[in-house]
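Asks: Each chain is listed here by its residues.
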Amino acid sequence: MAGLGGGLAAFGRCTHAVVRALPESLCRQALRSVAGPEVDFARAEREYQLYVGVLRGKLGLQVLELPADESLPDCVFVEDVAVVCEETALLTRPGAPSRRKEVEAMKRALESLNLNIVEMVDENATLDGGDVLFTGREFFVGLSRRTNQRGAEILADTFKDYAVSTVPVHDSLHLKSFCSMAGPNLIAIGSSEAAQKALKTMQQMSDHRYDKLTVPDDAAANCIYLNVPSKGHVLLHRAPEEFPDSAKVFEKLKDHMLIPIAATELAKVDGSLTCCSVLINKASE
Amino acid sequence: MTTEVGSETEVKKDSEQLGPDKAKDKPEETSGTPGDQKSRETSSGEAQDSSVPAPTSQSSPSSQKKEKSSPESKGISRFLPPWLKKQKSYTLAEPRDEPKKKATGEEQVVEESESQALEGVAQPRRSLEEATENRQNDKEKHSVSSAEIQPSKEDGKETEVEEVAEKKEETQEEKEKRETKEVQTAEIKIDSIPKKSPKKIKTVQCKVMLLDGTEYSCDLEKRAKGQVLFDKVCEHLNLLEKDYFGLLFYENSEQKNWLDSSKEIKRQIRSLPWIFTFNVKFYPPDPSQLTEDITRYFLCLQLRQDIVSGRLPCSFVTHALLGSYTLQAELGDHDPGEHSSDYISEFQFAPNQTQEMEEKVAELHKTHRGLTPAQADSQFLENAKRLSMYGVDLHHAKDSEGVDIMLGVCANGLLIYKDRLRINRFAWPKILKISYKRSNFYIKVRPAELEQFESTIGFKLPNHRAAKRLWKVCVEHHTFFRLLSPEQPPKAKFLTLGSKFRYSGRTQAQTRQASNLIDRPAPYFERTSSKRVSRSLDGAPMGISDQSLLRDFSATGGQAAGDKIIDLEAAGQAKLKDGGREEDESPLKTPQLELTQDGKDLDKTQDDLLKHQASISELKRNFMESTPEPRPNEWEKRRITPLSLQTQGKKGDHIFQVKTLPGKEKQWITMPWTAGAKPEETDKRHASRAEGPCTGVSDADKSSHETLDIVEEKKQAEFGIEETLVVDETNKGKMQVATDAGETCKVEHVSQKDSSSLPSDSSSSSSSSESEDEEVGEYHPHHRAIEEVIREEQEEEEDMKRKEHEEKTQHVEAIPEGSKLNVPVEHTQVTAEDLVQDNTVTVATEEKNLSEQIKQDVGEEKKEEQLKLNGDVSHVDIDVAPQLICCSEPPVVKTEMVTISDATQRTEISTKEIPIVQTETKTITYESSQLDGNAAGDAGVLVSAQTITSESISTTTTTHITKMVKGGVSETRIEKRIVITGDADIDHDEALAQAIKEAKEQHPDMSVTRVVVHKETELAEEDED
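Top to bottom, those sequences are chains A and B.
Per the UniProt record's numbering, the first sequence starts with residue 1, numbered consecutively.
Per the UniProt record's numbering, the second sequence starts with residue 1, numbered consecutively.
If you're looking for bench data, these hints aren't it; they were derived computationally from the structure.
None of the values given here were measured: they were computed from a predicted structure.
Backbone N, C-alpha and C fix where the C-beta goes; we use that ideal spot for every residue, glycine too.
A portion of the hints provided could be inaccurate.
Said to hold, decoys possible - Derived pair list, reagent style DSS-like, types lysine-lysine, alpha-carbon separation capped at 30 angstroms:
1) B:Lys256 with A:Lys160
2) A:Lys248 with A:Lys160
3) B:Lys430 with A:Lys212
4) A:Lys252 with A:Lys197
5) B:Lys385 with A:Lys282
6) A:Lys282 with B:Lys366
7) A:Lys58 with A:Lys212
8) A:Lys160 with A:Lys197
9) B:Lys418 with A:Lys212
10) B:Lys256 with B:Lys430
11) A:Lys197 with A:Lys248
12) B:Lys385 with A:Lys212
13) A:Lys197 with B:Lys418
14) A:Lys268 with A:Lys58
15) A:Lys231 with A:Lys58
16) A:Lys160 with B:Lys207
17) B:Lys366 with A:Lys160
18) B:Lys385 with A:Lys160
19) B:Lys256 with A:Lys200
20) B:Lys430 with A:Lys200
21) A:Lys200 with B:Lys385
22) A:Lys58 with A:Lys107
23) A:Lys212 with A:Lys197
24) A:Lys160 with B:Lys430
25) A:Lys268 with A:Lys101
26) A:Lys197 with B:Lys430
27) A:Lys252 with A:Lys200
As the list claims (entries may be wrong) - Residues from chain A that keep clear of chain B, each with C-beta distances beyond 12 angstroms, as calculated:
28) Asp157
29) Asp217
30) Leu258
Claimed, not checked - Here are some of the chain B residues that sit facing chain A, going by a computed Cβ distance under 8 angstroms:
31) Arg311
32) Ser315
33) Phe316
34) Leu387
35) Ser388
36) Asn412
37) Leu421
38) Arg422
39) Asn424
40) Arg425
When you get a sec, could you build the whole thing from the sequences and use the hints?
Replies: Below is the structure:
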């Protein structure tokens, strides 16, 4: 038995991924923190397809793709509606009311995977999965406009094995808007003041000392680390066309198999790499 | 007598064992008044006599002793009953039924009884006193010192009831005692088999709940230190890597305390039953580094308890996984034939175990085929150690905004939780200092990268005891996990006030080294699956007893939390007041306050002397540390308002204590000092008396108390600054001096100042209590091992410092006082200080160093002496230096000091003739050295009493909480002074009994260790009230 996630050795292991096609309504109706150019749906869909293709084809994950729902313009960002750790999945209560119904489809998908489902029913709780950073040792939960204390408490109750520390997030949509795990013990972090401050908070809160990978661009700090049996360390990161400076930093990771993926269009509506999938490790079966 | 005595001490055990039976017999009796207790005692003593030959002889003497003691102070006997009742009652009730128990009890009692009987039976009080003095010096020192010295010693919680009351017949008391004894036994429901044969060695039966749910019992010498018991348990367990473990005892079923192996057990547990729980104290972060499988096994057992109790939260999956390893370890490979479908339900793996979980456990169990028990345990630990709450010791607290939080102490540092979320974390390297003051707990944090200044973060604990407990846990964890070797008491570098507590055991690094040297074949041990299963069938999961304890704790914890909130409010108010005082009160202010207080005291003393001619009874009781959270609040409240009289009395005590302290030091150093001390004592007594009677002065007294508190806090704060400590001290000294100078106060004032000045001095009863609360424990974990200096504060160290301060202050004070006696004392003190300073490396650490050095040098004896000194002035004087008594001549008042210790029943009579006022003062002190043990049996037995109603009697109650830390053991003593003023018509005995009951009710956790009755009778009766 691996137990407790099997420790660091198992961090990044992943067998399944849940994704959701993007609706056309995303272009105009998706929530966005900053007004800007409209999303090019065709291009966005190409990027999405590339993303899914990497997970499914290149990395060999079983990808469960949920159909788009035009009434849910943000439904592509599945990460926010579920937090899965080991055999347990917490269905969140997204901070944006317009997104609450996204959970339903995710619930069905996760049930199909025989995960232990925990639903966040407390009406005072809000939690976006984008605010949840799981390091393999513990959780950090960003307290943002989308996530509140109560939501974090429920997450702590759900994943009792792990310490759950809260990190104030002010200038960004989510905690993971400027950070993510780039390796078993490696936190990728943006260079902004807010990002560095959050990192300090996390470092202080943790019993463990993480390595950090500082990238010039906050958005580029959102990457996806996977531990694929046949390929070792795999890192999906934003493309050099988007963030050339940050890409150079990633390229210094000699042990990682680097897969640049552009998310230019979804980034216009606050999307990033981690947002578009829920990764699940059903390795025990 | 011996039997009685033994019964008293043993009573706890007996009562525990027999308790159920007798309880059934006489439930009412438990509630019975002290008189009932006495009666029981006598009865029990009789029974013991019959049952046990040796004890019998002693028993009679004990009764005689009592009688004898009583004749002089008739009222005394009545007063005595409560303790006796408590102690004796425990043992006595059972003895009849079980001679064995008697015997055991006898042993303990015997010591005291013997001393008493031999010495005191036929002899008058004085003879008793003398005889007892010797023993007191030896044995009683503990009790006396603890009780009297309240501040310094672990026993700290001692209540002294001093009453000036009319003499009453002992017979009533005895009857009462008997009743109480029965009741107590009933209350004590522990069934233990007394295995002891009649011995004259004082022994107490200890019960230790082991991790496998079994119970280990052994007989310990009454005065045995914690290490003795711990070693016995480890030997019983065949455990070599024992540094990770410890013995717990619970007070209030809420608060768990680690038994300090370097200190006497009875002083730590006080009135609590000698029941301990063997637990993991330091959870090794990496259990795989443990050398022996047996060590890992016990760690597993602990973790299983933690999990089942809910203290160690787990996810469903983890519960199942850990449960499956448990099955593998205890049952071996899954055997479909042998293991029926429901075999798992006999185990408990989680607080809320579901069918689904059991199925999962069974499923996983099958996957572990081939794992040996040791391997399964290792796998269990590898998973358990990753749990976020593994090894985290949680404490309820509030942040600066009053929000409920939890403070978690772990191997890496201090964790702050709000609800289940970690909101902050302070690793040991980031913490510069850990301290506590009253119920506040502070950490000084290293400045962040871009910050220049250190920041201090404060938390409010439910009460002072909780704050101290947290502080100690922090100190221990820091030392164990972070240092290479236990930190030596800081000598030269810093001035420290407060407790000297330090972790004295081996650090993890040391124990690992030692473990590497373990060279023995892997010991065979039996994993107690079957036992567990059977028990689990009963409904209790792992170890029933343990679990129940855990549950109780958890439940209590919840309750405690609720209580805490309330307490916090009260405490918070008090704190706020205090804080305001502190802040508002500049040094100048404090002196003024002190002066006013002093002036009042002086006035009071005079007035008192005049007025107190009528019968005045002062009841003092010391309670053990066990005071629940709410209590501190009560204490604080009391202190704030009505305690003025108490404080005065305390002041007097303080003076004595101060003197005594120096005396102790001086004894080693200089002899002349002692003589000086005695006079002071007399003065103190007078002052106390005067104070006691003067209820009107209470306001002033109150103010004085406040000021005192403030002063202490200031001092503490000053000490808190490590680097600036020296300066602070000087300032403090100046402050004190200034105050002293300003104060034309009397010796009493001085004492108060001393106490106040001495942050940790638990010694002074009044100030001590405050000081204890206020006591600041500072611990400076300098970066890593070498430099980390723990400033603990305060309990002992502070006491020492305070003593030093006191000395200084006394000097100053003495001058104002103009009393010759005082002056010499001052000189002696000064010398002592000088010596100390010289001895100590640096000025900054002078106080601490002195205290430490003294303590070290003098060793336990000094400590004892100090404690005594701190505790009760009279006792101290008597105990420490009987000679002193002779030397001291009180100016005005004739005073008879009668000290009766339950164990020894010492009677000390010091008569001094004072020209001015014709007042007869009798002081009767009831000490229950056994109380600790007895108390252990029944903390609440005596509590049954009701509030004292004083129609014609005016009662003033002063409570002081003093905490003393010796080598890591903290004691809290509460002194209550109850002044009963009235005509001869007043039934002082009843009043005393009621007062004692009240005290017990108010502080159910604590035990009455000492009752001192001061009886002042004026030739011309003048009743203030």
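Asks: How about Ser315 (chain B): closest beta carbon in chain A under 8 angstroms, or not?
Replies: Since the shortest Cβ distance to chain A is 5 angstroms, the answer is holds.
Asks: Under the criterion of a CB-CB separation shorter than 8 angstroms, is Arg311 (chain B) in contact with chain A as hinted?
Replies: With a minimum Cβ separation of about 12 angstroms from chain A (threshold 8 angstroms), the hint on Arg311 (chain B) is violated.
Asks: Taking the minimum C-beta separation from Leu258 (chain A) to chain B, is that value above 12 angstroms?
Replies: 30 angstroms, holds
Asks: Is the hinted pair Lys197 (chain A) and Lys430 (chain B) satisfied, with a Cα-Cα distance of at most 30 angstroms?
Replies: Cα-Cα ~18 angstroms, so holds.
Asks: Tell me if the straight-line CA distance from Lys430 (chain B) to Lys200 (chain A) falls inside 30 angstroms.
Replies: 14 angstroms, holds
Asks: Take a quick look at whether Lys282 (chain A) and Lys366 (chain B) sit within 30 angstroms of each other, Cα to Cα.
Replies: Holds - the C-alpha atoms of Lys366 (chain B) and Lys282 (chain A) are around 19 angstroms apart, at most 30 angstroms.
Asks: If you draw a straight line from the CA of Lys160 (chain A) to the CA of Lys207 (chain B), is it 30 angstroms or shorter?
Replies: Violated, because 35 angstroms separates the two Cα atoms, which is more than 30 angstroms.
Asks: Can you verify the interface hint for Arg422 (chain B): is its Cβ closer than 8 angstroms to any Cβ in chain A?
Replies: 4 angstroms, holds
Asks: Regarding the pair Lys197 (chain A) and Lys248 (chain A), is the alpha-carbon distance no greater than 30 angstroms?
Replies: Between Lys197 (chain A) and Lys248 (chain A) the Cα gap is close to 23 angstroms, so the pair holds against 30 angstroms.
Asks: Answer holds if the nearest beta-carbon of chain A is closer than 8 angstroms to that of Asn424 (chain B); otherwise answer violated.
Replies: 7 angstroms, holds
Asks: Take the C-alpha atoms of Lys385 (chain B) and Lys160 (chain A), compute the straight-line distance between them, and say whether it is at most 30 angstroms.
Replies: Status holds; Cα separation ~13 angstroms.
Asks: Does Asp217 (chain A) really sit off the interface, with its C-beta more than 12 angstroms from all C-beta atoms of chain B?
Replies: Label holds. Min Cβ-Cβ 23 angstroms, cutoff 12 angstroms.
The structure shown violates the earlier hints numbered 2, 16, 19, 28 and 31.
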